[in-house]
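Chains D and P, in that order, are what the protein sequence lines are. Position in the first sequence (from 1) plus 43 gives the number in my numbering. Position in the second sequence (from 1) plus 43 gives the number in my numbering.
I should point out that these hints are in silico values taken from the structure, not numbers from a laboratory. Don't take every hint at face value.
One copy or two, either will do: identical chains are not told apart, so a pair holds if it fits within one copy or between any two.
Okay, derived cross-link-like pairs now, EDC-like style, lysine to aspartate or glutamate, Cα gap no bigger than 16 Å in a straight line [what the hints assert, rightly or not]:
# : residue 1 : residue 2
1 : LYS240    : GLU264
2 : LYS240    : ASP287
3 : LYS240    : GLU164
4 : LYS240    : ASP116
5 : LYS113    : GLU61
6 : LYS93     : ASP257
Protein chains: 2
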Amino acid sequence: MGNPMYRQIAEELREQIESGILKPGQQLRTEIELRERYGASRNTVRDAIKWLTTLGLVETRPGQGTFVVKKIDPFITTLSADPTTGLGGGEGAIYLSQVSDQDREAFYSEPQVEIQKAPFEVSSRLRVPEGTQVISRHQRRYIDDTPWSLQTSFYPRGFVAQGAERLIEAGDITEGTMTYLAATLGLQQTSYQDWIKVRAPDPTEANFFNLPQDGRVGVFEIFRTAFDQTGRPMRLTVSVFPTDRNQFIVNAGEVPDLKEGGASKKT
Amino acid sequence: MGNPMYRQIAEELREQIESGILKPGQQLRTEIELRERYGASRNTVRDAIKWLTTLGLVETRPGQGTFVVKKIDPFITTLSADPTTGLGGGEGAIYLSQVSDQDREAFYSEPQVEIQKAPFEVSSRLRVPEGTQVISRHQRRYIDDTPWSLQTSFYPRGFVAQGAERLIEAGDITEGTMTYLAATLGLQQTSYQDWIKVRAPDPTEANFFNLPQDGRVGVFEIFRTAFDQTGRPMRLTVSVFPTDRNQFIVNAGEVPDLKEGGASKKT
DNA sequence: GCAAATTTGTTCGTATGTATT
DNA sequence: CAATACATACGAACAAATTTG
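When you get a sec, could you build the whole thing from the sequences and use the hints?
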């Protein structure tokens, strides 16, 4: 084989990991031991480990060693509308019930409210001129103490003057902002669109989610544009979820109750 | 700052890339030039470049140099059902029309048909015992000569004996398999569920999509389970899309015609 | 609480191999 | 074939983080 040595070492370790000889969470031999084992220099062994690291198979911890990564039991979020409530997944009250379906507990921070100028990605989706002032409400969300998502909702600035004053107050709107906007402005959410991308996390996100700094774990970025009864955008919600611990479901039509239909635990 | 030198060099280059001083496709200075520019050793410069590589900002080509990566103009696929046809995105005939909406041309390979034993991920979703034989129909799909997705559909083995013989023939079923199954077996697709994950590509996928071997560009893996009028799974389609060139849309309710609603070119 | 031992992280230097122009 | 540019590999030294005694 014409493969470089560091790849051969990596390959051998990869097989041990995938065959289960090395179990998740288990420590690999130290660089010095591997150096002797393979008759390579320490730098070459380090190249092999670095390769496995970008493959996401192992992680190194300074002063401790190299460990096989544990996969996180994923969180499942349903994006399509619940036919009965008309609400989408991850939205207001509904997300708690989804989470508790999975026997997990969710928490979210108090919203952090700001008035800011809309960048292009926001203005184009809310259909306001770029640079227009918008209200942003930002939250950090956790499940079982694991950082789960960062979510920011944007509303047209004019909503406040029209009577929805609590939008710019920092407190939680317990009945849900959609209910509140219906009560104050008569706006009904009749439809929405989710736009799903995957990109590398920015440093803030990597820090919040405890992702490796080198960006090899991506994040879902979901833009949810909600439309009122006149067909105008009334809210844009941008949510960010790490791809290593989140999966999404979209139902179309009356999907039969699955419970045991999806992939449950493997092990 | 207490940052290591290779990170400082990487940071300086990153800023030049993101500010546009270094444009997509442009060549960076060579390692030797950077070594002199920053007063570091060649290995340290290489560490900086390696860092930018795993961030996905640059790519190196042996014998040529290091280049700022060009972003691919993304393909957009709608996952939610079209209220009129009842068909979902990326499915049968509809995907061509979606693609041509974006002024692009799509091609797909002849299906490659096999009978195989269902692995867990397939059997659990089709609700057949693990190891049961199933029919798999596999296709490679392209847009404008760019590899776009790999798609495999699984059907219960029994469908053939019940009369749907063309399922095991290698040729294309031009009218669409769903129409064919309706005609032969009386099965109607009344609903479906999409389950969306992101994972690292396997070597076959990395090769087909021309992704870097080190797995830092992930792939969407979408499991579409289609249900018939009795609520039983009739087909499982597993599609794989690289995250660097694909985005997805999910509509709920009657979403107004957008055309200019989404994010168009930035630049 | 501190010091020693262990382990990974950073940086240098050097030599040679491989791919492209 | 030669020149250029990145890839692999070795050796060495010191720094930083963590655990252990």
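Verification of the hints:
1. Taking the shortest alpha-carbon separations for LYS240 and GLU264, both the intra-copy value of 5 Å and the inter-copy value of 13 Å come in at or below 16 Å.
2. Taking the shortest alpha-carbon separations for LYS240 and ASP287, both the intra-copy value of 15 Å and the inter-copy value of 9 Å come in at or below 16 Å.
3. Proximity of LYS240 to GLU164 under the C-alpha cut-off of 16 Å is restricted to the intra-copy arrangement: shortest distance 13 Å within a copy versus 24 Å between copies.
4. Taking identical chains as interchangeable, the C-alpha atoms of LYS240 and ASP116 lie at most 16 Å apart only when they sit on different chains, with a minimum of 13 Å there against 22 Å within one chain.
5. In this homomeric assembly, LYS113 and GLU61 come within 16 Å of each other (Cα to Cα) only inside a single copy, at 12 Å, whereas the closest approach across copies is 34 Å.
6. In the homo-oligomer, the alpha carbons of LYS93 and ASP257 lie at most 16 Å apart both inside one protomer (12 Å) and across protomers (10 Å), since each shortest distance falls under that limit.
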